[in-house]
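4 protein chains.
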Amino acid sequence: MARLRIGIVGATGYTGAELLRLLVGHADVELAVVTSRSGEGQPVAALFPWLRGHSQIQYCAPDSATLAKCDLVFFATPNGTAMHQAPALLKAGVRIVDLSADFRLRDPTAWKNWHGQEHACPELLARAVYGLPERNRDQIRKAELVANPGCYPTAISLGLLPFLKADVVDASGVIADAKSGVSGAGRKAEIGLLFSEAGESFKAYSASGHRHLPEIRQLLDEAAGHAVALTFVPHLVPMVRGIHATLYFRLKRKVDPHALLADFYSGEPFVDIMPAGAHPETRSVRGSNMCRIAIHQPQLSDQVVVLSVIDNLVKGGAGQAVQNMNLMFGLPEDRGLSTAALAP
Amino acid sequence: MARLRIGIVGATGYTGAELLRLLVGHADVELAVVTSRSGEGQPVAALFPWLRGHSQIQYCAPDSATLAKCDLVFFATPNGTAMHQAPALLKAGVRIVDLSADFRLRDPTAWKNWHGQEHACPELLARAVYGLPERNRDQIRKAELVANPGCYPTAISLGLLPFLKADVVDASGVIADAKSGVSGAGRKAEIGLLFSEAGESFKAYSASGHRHLPEIRQLLDEAAGHAVALTFVPHLVPMVRGIHATLYFRLKRKVDPHALLADFYSGEPFVDIMPAGAHPETRSVRGSNMCRIAIHQPQLSDQVVVLSVIDNLVKGGAGQAVQNMNLMFGLPEDRGLSTAALAP
Amino acid sequence: MARLRIGIVGATGYTGAELLRLLVGHADVELAVVTSRSGEGQPVAALFPWLRGHSQIQYCAPDSATLAKCDLVFFATPNGTAMHQAPALLKAGVRIVDLSADFRLRDPTAWKNWHGQEHACPELLARAVYGLPERNRDQIRKAELVANPGCYPTAISLGLLPFLKADVVDASGVIADAKSGVSGAGRKAEIGLLFSEAGESFKAYSASGHRHLPEIRQLLDEAAGHAVALTFVPHLVPMVRGIHATLYFRLKRKVDPHALLADFYSGEPFVDIMPAGAHPETRSVRGSNMCRIAIHQPQLSDQVVVLSVIDNLVKGGAGQAVQNMNLMFGLPEDRGLSTAALAP
Amino acid sequence: MARLRIGIVGATGYTGAELLRLLVGHADVELAVVTSRSGEGQPVAALFPWLRGHSQIQYCAPDSATLAKCDLVFFATPNGTAMHQAPALLKAGVRIVDLSADFRLRDPTAWKNWHGQEHACPELLARAVYGLPERNRDQIRKAELVANPGCYPTAISLGLLPFLKADVVDASGVIADAKSGVSGAGRKAEIGLLFSEAGESFKAYSASGHRHLPEIRQLLDEAAGHAVALTFVPHLVPMVRGIHATLYFRLKRKVDPHALLADFYSGEPFVDIMPAGAHPETRSVRGSNMCRIAIHQPQLSDQVVVLSVIDNLVKGGAGQAVQNMNLMFGLPEDRGLSTAALAP
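These protein sequence lines map, in sequence, to chains A, B, C and D.
Numbers 401 to 744, taken from our numbering, label the letters of the first sequence in order.
Numbers 401 to 744, taken from our numbering, label the letters of the second sequence in order.
Numbers 401 to 744, taken from our numbering, label the letters of the third sequence in order.
Numbers 401 to 744, taken from our numbering, label the letters of the fourth sequence in order.
These are calculated hints, taken from the structure and not from any lab test.
C-beta: ideal position from N, C-alpha, C; glycine also.
Among the clues, some could well be false.
Chain B side only, calculated, beta carbon under 7 Å to chain A, not exhaustive [claimed, not checked]:
| id | residue |
| --- | --- |
| 1 | Ala-566 |
| 2 | Val-568 |
| 3 | Ala-604 |
| 4 | Arg-611 |
| 5 | Pro-614 |
| 6 | Thr-646 |
In silico DSSO-like pairs for lysine-lysine, Cα to Cα no more than 27 Å straight-line [what the hints assert, rightly or not]:
| id | chain 1 | residue 1 | chain 2 | residue 2 |
| --- | --- | --- | --- | --- |
| 7 | B | Lys-491 | B | Lys-565 |
| 8 | C | Lys-469 | C | Lys-491 |
| 9 | D | Lys-588 | B | Lys-588 |
| 10 | D | Lys-652 | D | Lys-565 |
| 11 | A | Lys-588 | C | Lys-588 |
| 12 | C | Lys-565 | C | Lys-588 |
| 13 | C | Lys-542 | C | Lys-469 |
| 14 | A | Lys-652 | B | Lys-542 |
| 15 | D | Lys-491 | D | Lys-565 |
| 16 | B | Lys-565 | B | Lys-542 |
| 17 | C | Lys-652 | D | Lys-588 |
With these hints in hand, go ahead and build the complete structure from the sequences.
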């Protein structure tokens with residue numbers, strides 16, 4: 401089979417860099433075009449020296465004609481960009497995986513409320529497939545436009561979906577206390593993200609409402625078939641990579657939660673249910689596309705605690721995007737994603 | 401006034417080192433005796449070079465005669481040590497602040513269950529005053545034996561007490577998702593505490609039951625006047641100092657939680673209620689005895705989120721011990737504890 | 401004695417924040433005016449929450465009339481600011497400690513070469529006293545304008561001065577391999593200073609010429625009485641605070657270097673010569689004004705290795721500025737600077 | 401070709417874990433036996449959860465019969481172990497790559513001096529090939545016993561060899577100021593390696609003589625053909641992985657050092673010479689077998705500064721061991737070592 405011609409729009413952030421890292425090691429892919437206005441003419445390896453020797457490709461200016469010759473284009477752009485360029489590319493027959501939030505919400509009104517602008521192509525929202533393979537594998541295979549999930553939504557929903565689908569969750573109060581490494585905030589020159597600000601410290605942020613909240617709600621509500629009263633508080637951890645979601649809910653009927661989890665994810669290549677008593681560490685998935693989950697019932701009561709870890713840039717971003725690409729083109733789902741995590 | 405003659409038993413761990421740091425800067429204190437079997441004959445500044453130039457005192461072997469000449473002895477020993485030495489010292493008229501868990505639980509059966517041995521002097525449990533000044537200031541003033549609170553219990557209870565005392569908490573489900581820097585685990589040569597294990601990673605631990613749980617339960621139940629269904633999950637943060645407790649509960653009646661908090665702690669020297677919308681960082685209390693608290697009601701519902709930060713070694717350990725000592729001897733409560741936190 | 405009326409110009413960076421932290425705990429100082437264009441009207445504690453409860457002062461717009469009523473004004477501004485405001489303040493009788501590089505070089509041509517602009521008041525360069533008390537204590541006492549040393553120059557020169565003054569250094573090749581925490585680069589929104597860039601990594605920077613180089617050269621050459629061939633390579637360490645200088649030179653005649661060091665700094669309040677075989681850690685001076693120095697002669701040859709650590713924001717910045725202020729006003733030199741370092 | 405049957409002795413440390421990580425992804429290898437007394441019967445993935453799903457192998461007790469059936473055995477044991485087991489295995493026709501220091505020095509007296517015991521099989525020292533492929537590629541291909549280089553020696557020698565071989569170095573004074581992440585010290589329960597000790601701090605150690613010194617000396621002296629006066633000072637960096645060597649020497653004749661380097665390493669798969677002005681970051685080689693080198697001539701003088709970075713566990717340990725194995729069995733040299741580094 402000819403190698404897939406792949407384009408990346410906006411590959412100067414961490415998600416874009418991670419896409420590059422994964423794709424230079426993917427046997428079925430040819431990196432055809434990587435665009436960036438700011439980086440035009442520069443080798444990607446000049447910006448990300450760890451790619452030296454792995455790719456000689458240079459950034460070019462965004463150009464729809466070039467992108468239109470790709471089999472698939474990844475958008476690794478800030479929110480509000482992909483929605484302007486997707487319609488033309490789709491018309492040209494190019495399939496799209498959008499890593500931004502542009503196509504994650506079905507409801508254009510909700511989108512506008514959280515992003516402060518009208519959605520540019522609301523008619524595409526219904527066509528977009530939410531790219532969580534553990535939930536939507538079959539639709540992803542046929543999708544032209546995949547909305548790649550956010551990092552928090554991935555970690556949280558993988559921990560909760562089995563229980564919501566099985567209808568064993570007391571939906572009157574679900575708590576998602578989530579912790580993220582600093583790379584989750586992106587490669588942006590902001591004071592709050594400086595080493596001297598985020599180092600040797602820990603804090604919550606956006607406790608009164610984070611922009612990932614409506615995406616998580618949509619996911620949980622759809623899985624449950626009814627509204628779930630979710631409280632979501634994100635925190636910033638002094639580490640580069642990793643998300644740890646600690647999820648609290650009550651069982652509304654007796655069930656073996658570990659068996660339920662293990663059964664739900666049986667055969668899934670990228671979800672690992674740990675044995676009873678385990679506590680997954682974020683480093684155990686660093687650089688890998690795995691989600692590791694453990695479960696506790698602190699005092700054998702109906703209170704369940706689920707611990708779910710991912711690498712925010714891999715399963716929470718670029719890795720899941722590659723997994724979606726593999727599905728869309730009939731490749732083995734783990735192609736390019738099979739290396740073990742890097743630890744210690 | 402003559403300076404207080406102070407002894408420290410077991411000052412080779414982090415809590416002991418922090419006591420030394422605070423006491424060498426305390427105007428009313430003379431460090432009379434610092435014991436350690438392993439360090440005997442060595443200057444404390446050899447073990448902790450940051451004390452060079454601040455104290456020339458040397459470790460001596462534990463000796464009850466020397467300790468008996470002190471006005472007050474701090475125990476900074478592992479659990480199970482103070483309970484053997486306290487009775488004789490109390491008999492000799494020496495007042496005690498125990499930083500271990502030996503005297504924190506009132507119930508000797510609970511103590512035995514969690515510590516795996518019989519308590520050596522159960523009769524003292526009732527005489528011991530739990531050293532949380534914001535709750536027991538008057539008893540502490542007169543106490544002969546103060547059980548200095550644990551770090552998690554301090555951070556958690558300071559965030560919950562005002563609401564429990566006001567009887568506005570739905571006690572059927574309170575969640576304490578707590579995060580601690582690695583120094584909270586002590587200065588112990590354990591693989592899991594190595595830089596290469598705890599660095600660049602995040603995990604929960606003891607999710608099915610942490611040894612601080614009964615202490616927190618006792619605190620909350622007593623404040624509420626009835627049982628509170630608490631779920632407590634501690635996590636390890638790749639930083640040295642700091643605890644962040646994220647506390648979730650529901651209001652059982654309408655109340656302004658920010659006003660209630662501010663009112664409860666009005667005049668307290670070491671609790672700072674932050675303005676609405678704030679997110680306290682652990683570094684904002686690093687090296688200081690302050691507890692900073694903020695409150696959120698994510699969707700203006702009855703769900704309350706309290707964010708509470710302390711330095712585990714100061715307000716969660718040595719600083720609170722000094723605060724207790726100040727109270728016990730009629731000194732200004734903030735003597736030796738008034739420096740600002742060290743940040744960035 | 402009335403408390404000194406102190407002004408700070410530009411207190412929104414790390415050096416300014418550290419000045420605030422030290423001065424709110426200084427018994428002889430009244431913080432009279434703190435200026436910042438960007439922060440005007442805001443309490444300093446809103447920007448730096450660790451100052452909550454320690455100062456209620458607000459930033460005001462820079463205003464020469466207000467500053468002119470101060471006894472001393474600190475400039476914690478970017479390079480190129482103090483030189484425009486200093487002349488008028490000096491004329492008004494206000495003494496100045498400038499923490500920027502504006503008055504550190506005696507030669508206006510060198511200044512221009514390294515800073516890319518003409519010096520605004522070259523005539524003041526000769527009047528400025530270089531504020532390294534261990535070298536210029538007497539001149540500092542009488543100075544109207546003190547050029548507070550840079551962080552690298554402080555750590556490096558304190559390790560080399562005794563040997564250069566004693567004329568025992570082979571000046572044909574001195575190596576200063578220096579390592580700094582990230583706060584040394586300031587509170588600037590730059591990609592390279594992000595946690596996700598500087599974390600879990602180590603690198604050299606400006607290996608071909610750092611802006612502190614001429615200042616270090618001037619210091620060393622003056623101490624030696626002749627040119628010293630210095631190679632200076634700075635590195636960035638994934639920590640917030642601290643500088644470690646590793647200094648390599650050869651003895652041109654036999655001498656006991658440890659004795660020489662200890663003798664030179666005998667009686668100095670802020671230089672601690674460690675015993676033979678020691679390796680100072682940067683954390684042993686964190687938050688303190690101390691410089692800790694150790695010395696090694698790896699194979700008992702004429703090759704000497706000096707290890708010198710400071711906190712870049714204290715002895716390498718705000719602390720040394722306060723030490724200079726104390727000297728200028730006849731206060732005890734360690735007033736406000738006597739707390740032990742914060743470790744671990 | 402049948403897959404190579406590989407054994408690992410002592411795979412419970414970081415080097416062993418890294419060997420496991422690399423070998424589970426190596427297409428030509430079958431992990432036949434992994435020994436550990438302490439871990440006997442336990443799956444390796446229980447100790448290193450990031451291997452879950454990548455290998456089901458369990459630790460077994462060291463057993464020479466089983467090991468004797470391997471094609472190659474790696475020793476990832478503490479110093480002083482391999483020398484006792486190597487002779488029998490070699491006799492059985494098993495090839496060996498020893499990652500400890502047992503076979504690195506040619507001189508048994510030097511070995512005894514630095515390791516405090518007699519060497520158990522001094523006759524093998526001459527047969528052992530020093531496994532630095534950039535120096536000894538051909539001998540490695542035919543070797544039965546490879547002494548895998550230490551991490552510091554690898555980073556330092558790769559930066560110096562080209563200049564020493566070209567005889568352009570003033571050998572009267574070469575300085576190697578090296579900095580290592582904490583994993584370089586191994587997975588040992590030692591106080592000094594705790595997160596709370598090594599975090600947020602920086603220090604030199606073993607400044608008067610590190611156990612890697614004789615190995616580095618032997619390497620440099622052999623390359624130069626005469627004695628090189630080396631001063632080597634290692635430092636501990638608050639990060640998990642990475643070594644940065646900053647190397648200082650003087651040219652004894654005019655030469656273009658960048659061209660010399662680039663020429664020397666032309667065609668080398670695992671040495672990357674960066675463009676002029678660059679500063680390699682340790683993270684740019686994290687998890688990869690690459691050594692990145694840059695060169696500076698600070699003031700265009702004869703003083704040269706070489707910056708050399710490796711991942712201490714990969715090119716400085718397990719990766720180089722796999723590279724050696726590939727050479728020994730005629731596999732492509734980069735087999736199993738071609739993934740890009742993991743950054744950020």
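Output the numbers, in ascending order, of every earlier hint that fails for this structure.
When the structure is compared with the hints, numbers 1, 2, 4, 5, 7, 12, 14, 15, 17 turn out to be violated.
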